[in-house]
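Could you use the hints to bring the two separately framed chains together as a complex?
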Amino acid sequence: DAGVIQSPRHEVTEMGQEVTLRCKPISGHNSLFWYRQTMMRGLELLIYFNNNVPIDDSGMPEDRFSAKMPNASFSTLKIQPSEPRDSAVYFCASSLASGGTDTQYFGPGTRLTVL
Amino acid sequence: LAKTTQPISMDSYEGQEVNITCSHNNIATNDYITWYQQFPSQGPRFIIQGYKTKVTNEVASLFIPADRKSSTLSLPRVSLSDTAVYYCLVGPTDSWGKLQFGAGTQVVVTP
Numbered sequence: 119d120a121g122v123i124q125s126p127r128h129e130v131t132e133m134g135q136e137v138t139l140r141c142k143p144i145s146g147h148n149s150l151f152w153y154r155q156t157m158m159r160g161l162e163l164l165i166y167f168n169n170n171v172p173i174d175d176s177g178m179p180e181d182r183f184s185a186k187m188p189n190a191s192f193s194t195l196k197i198q199p200s201e202p203r204d205s206a207v208y209f210c211a212s213s214l215a216s217g218g219t220d221t222q223y224f225g226p227g228t229r230l231t232v233l
Numbered sequence: 302l303a304k305t306t307q308p309i310s311m312d313s314y315e316g317q318e319v320n321i322t323c324s325h326n327n328i329a330t331n332d333y334i335t336w337y338q339q340f341p342s343q344g345p346r347f348i349i350q351g352y353k354t355k356v357t358n359e360v361a362s363l364f365i366p367a368d369r370k371s372s373t374l375s376l377p378r379v380s381l382s383d384t385a386v387y388y389c390l391v392g393p394t395d396s397w398g399k400l401q402f403g404a405g406t407q408v409v410v411t412p
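Those protein sequence lines, which keep their order, are chains A and B.
Final position of the first sequence in the working numbering is 233; the numbers increase by one with none missing.
Final position of the second sequence in the working numbering is 412; the numbers increase by one with none missing.
Isolated chain B (complex conformation) (with noise of 0.2 Å):
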């Protein structure tokens, strides 16, 4: 499975977009890109999936360029309820769900 690097943490203003970039220099024709956030005393929550270009949905938007080797995960006007921790996973499809949860990157969004 892919190694993923992600920042550790990131501070935000309420109100500002966060974007958090992922890197998976080593990731395979089959893997897609996947993203889950966690809530403090929660199970983690899937937010996004991508494998190239854009995916948009109502929570986040997933960049990917076409080398597809990193991909930013953006937050549009995030809320004192989007502090979490925000998890990169790289996997193929065939891997029998199967995924590494990375350390994660813990995002603070303060007033």
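Chain A with its partners taken away, still in its complex shape (with noise of 0.2 Å):
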């Protein structure tokens, strides 16, 4: 299995610009998970997703973010405007099921600088 696969790898944009991070789960699973991670906060959950639909997006700093998961293969995260402040690594996992002990299987995360 190919695992969670993230993209872009890196993206860097100017603030203002709309950013769209893309997150394909692990085939099957029923959960996905996109958190953000910086030095000052860790690791945030932003959104997470069952059956794709949305369960607890509370988050979800404010309503420059959006997340979307159209189908069971694909997710996007958006930003629009984006801030510099937005600046992290944002990861997206993914488990096969709903439970507390379900384990989350992380991709290798979008690193975003916005300028």
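Rather than coming from a laboratory, the hints here were simulated on the basis of the structure.
Beta carbons are placed, not taken as given, at the ideal position from N, Cα and C, and that holds for glycine.
Heads up, a few of these hints could be off.
Unchecked claim - Here are the in silico distance ranges between beta carbons for each label pair:
{"#": "1", "chain 1": "A", "residue 1": "184", "chain 2": "B", "residue 2": "357", "range": "41 to 47 Å"}
{"#": "2", "chain 1": "B", "residue 1": "377", "chain 2": "A", "residue 2": "134", "range": "50 to 56 Å"}
{"#": "3", "chain 1": "A", "residue 1": "171", "chain 2": "B", "residue 2": "346", "range": "24 to 30 Å"}
The following block contains the structure:
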């Protein structure tokens, strides 16, 4: 299995631009998670989906952030407009089911730099 | 979700055993304890999970006392490649997979 796939791996953009991060979960996994990691705040859960439905988006910092999961094999995290404080590594993870004991498999992350 | 407290950093030499203790005083009856490992420039990776007593796999051991208010991750005979951040997470089986990652413990292994 290829694992969780994220693209792009690196993104550099200017303030005000729209940024779209992409994730392909492991085939057969029912839950998908978006995290953000910074030195200051550590690893934060932004939103998670179960069976393509957003379950909890309380971690989404503000309306500039939106996430979609149109089907079981694809999800996007969009930031519009982007700001320098959005610079971080964004991870996508997936798990087989929805229980708290289920292992989450993380992708390699997307390093976002907003100038 | 139960709050966890673990040391910020630990140093060790190659070949030694590293024990990282995590406190979770308000752990609930249906909470499990899970540890993840994160190498630089990579996403976290599952190491081990347990509910009570002792769990062992090919990577580590997890010791959980009877009161479950703490847990200890034990890494036997560490090597340089074990240098990473280790996260302790506590969460219920019905949390829909929502786990809170704390600051983690930075383990540095030197020759």
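Okay, the hints, checked on the actual structure:
1. A:184 / B:357: 41 to 47 Å: The hinted range 41 to 47 Å holds for residue 184 of chain A and residue 357 of chain B, with Cβ atoms some 43 Å apart.
2. B:377 / A:134: 50 to 56 Å: At 51 Å between Cβs, range holds.
3. A:171 / B:346: 24 to 30 Å: 27 Å, holds
Of the hints listed earlier, there is not a single one the structure fails to meet.
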